[in-house]
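Asks: Sequence:
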Amino acid sequence: MDDQEIREQVAEICNSDTLSEAFGRFYAARHKLRDWKFVFAARSGSVPGYAVNRDFARDAAVRSLFNSSHILVVDARTCDDMLGGRASYPMDFSISLDSQALSYLEPYLEGRASKIPSDFQEVFEFVARPDVNVDPIPYMQENLGNLSRKHGAERIKDKLKAYEVLRTIDVSILKSEGLIRSRLSDAELEQRAEEGVAMMRRWRGDQAARTELEHWHRCMYVLLLKMAQIQLRNPSAPLSRKLFEFLDFCDRELATIFTRESVLAVAYFERGQKLRFFDKIQKNKEDLLWLLQGMAWDLWHVRALEQALTRRPETKARYFFPALLTFDKRLIEVIDMYPLKACAYVEGTSHICPFFEGDLISILAGDHTSEDTLIERYFSKHKRRERQQRHSDAKMLLPLLVEKLEWEFVKLVGKPQSCPAPAPKSLSDSSMP
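With the first letter of the sequence shown counted as 1, position 26 gets the number 26 in my numbering; the numbers rise by one all the way through.
Careful, some of the hints might be misleading.
Said to hold, decoys possible - Restraint-style ranges between C-beta atoms, simulated for each label pair:
(1) 244 x 279: 22 to 28 Å
(2) 130 x 350: 28 to 34 Å
(3) 391 x 88: 38 to 44 Å
(4) 188 x 412: 49 to 55 Å
Simulated from the structure, these hints should not be mistaken for laboratory data.
For clarity, every value in this text was computed on a predicted model and none was experimentally measured.
Built from N, CA and C at the ideal position, the CB exists for glycine as well.
Taking the hints into account, I'd like the entire structure generated from these sequences.
Replies: Next comes the structure, spelled out in C-alpha cells:
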C-alpha cells in the first residue's frame, strides 16, 4: 500500500464504532501494518499508571490526552498474544510539570515559604509517591534559548534544583510536619541540577531536534496570531466568516488543517474573551505578543504529549503514556475541549495520527455552516493531497509568515508592543523572557 492507502486503513481502524470492530479490522490488515501501534480510550482495560485525569485543590490537575482512565492497545505482537488467550505488555509513564506548576510550587521547594497550605498537601503527596514519575520537560523546552542569556544558566539551574527537590521529597517529614525537604543533600541536588542544564545544552546542540521544536512553536504562534487577528478585527462578524478565514489561512499559508487548534478557534470565535484561554487578549494591552508567545508554548506542550506517546524511555516498556500537571485553569479548559479517542503511530518514529472524540466536521460546522461545504473546501481527498504537495514549501516559509502576521497584528491593535518580535528566529538566539 502507498502512504495514502495506509492512512486510510489506519483511519478506518481508529474510527471504528466499537473496539472489537477496530481489533477485527487491524487483524485483517495486520501483515500490512506490522510496524503500527494503536491506542484506544476504553471503559475497561489497562490503566496507564498515574498518567490519567485527576483534579486537586487549588485548581491543580493532571491531564492526559484521553478522557478515559482505561486504554486498550493493539499491535501485531499484542494481537498474536490475544489470540493465544492472554496479552500482557510492559508500559511506562511520566507526568510533566508545566512552567506555571513549577512556579507555583517553587517557594515551598526552596524553603522561602514555611508550612505548606493544606490544599497544596495533596499535590505534594501525589508527586512524592515513589511510583509517580515527574519531569520538567515543558520548562526545559521553553528555556533552551535562555541558556545563552546573562545569568540564564544560573537561573535555570535554580529552577531545576527546585524540581529535584520535588522529585525527592522526604514523605515522612511531609506527612508529619507539613514541610518540604529532600532526601538528598544539597551537594547531590546541585549535581542533579547541573546535569539537567547539561542535558539542555545537548538538546540545544542537536540541530535537527532544535529546528523541529522551533517549527512547532512557530506553528502554534502563527495560529494564535491569526485567531486573535480575526477576532479582534471584528468580534461580531458571523461565525462562519471567521471560521472560513481561519481555515483558508491554514490551508493556503500552512498547508495543514490543525485539528485541535481549529476546534479551539471555533470556541474562541463563539465565546471571545469568555473563553478563559484568551481572556487577556484585548486591544488595549501592550504585551499581547508576549502573551501569545506564551500561549503558543501551552499549545505546543499539549501537542508534545501526543508525540510523547511514541517514546520508549525504558527498553523493557512497549508503551509510554504521558500526562501534564498544571495549575492553569485556562490550559485545562483547552485540553478538555477535544480529547483523543484513539491514536496510531509507527514504532520508532515520532509521527503520530491522532483521532479525537466527536466528529470534526460537525463540530466545526455547528449550526452555522454546511458540512458538505467544509468537506469540499478543506477535507476532500483532492484538498488533502494538494496540501501534502505544498507542505515542504509552507514549512520553509514559516519564519517569514511570523514576521508578516506580527506586523499586521501590531497595526491592528494600535498599541506599541513591549516585544515587537517575540518569536525567536532560532532558539540559539532567543528573545523569550
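Asks: State for each hint whether it applies.
Replies: Going through the hints against the structure:
As the Cβ distance of residue 244 to residue 279 is approximately 25 Å, the hint placing it in 22 to 28 Å holds. The given range of 28 to 34 Å is respected by residue 130 and residue 350, whose C-beta atoms sit roughly 30 Å from each other. As the Cβ distance of residue 391 to residue 88 is approximately 40 Å, the hint placing it in 38 to 44 Å holds. Hint check: residue 188 to residue 412, Cβ distance near 52 Å, so the stated range 49 to 55 Å holds.
Of the hints listed earlier, there is not a single one the structure fails to meet.
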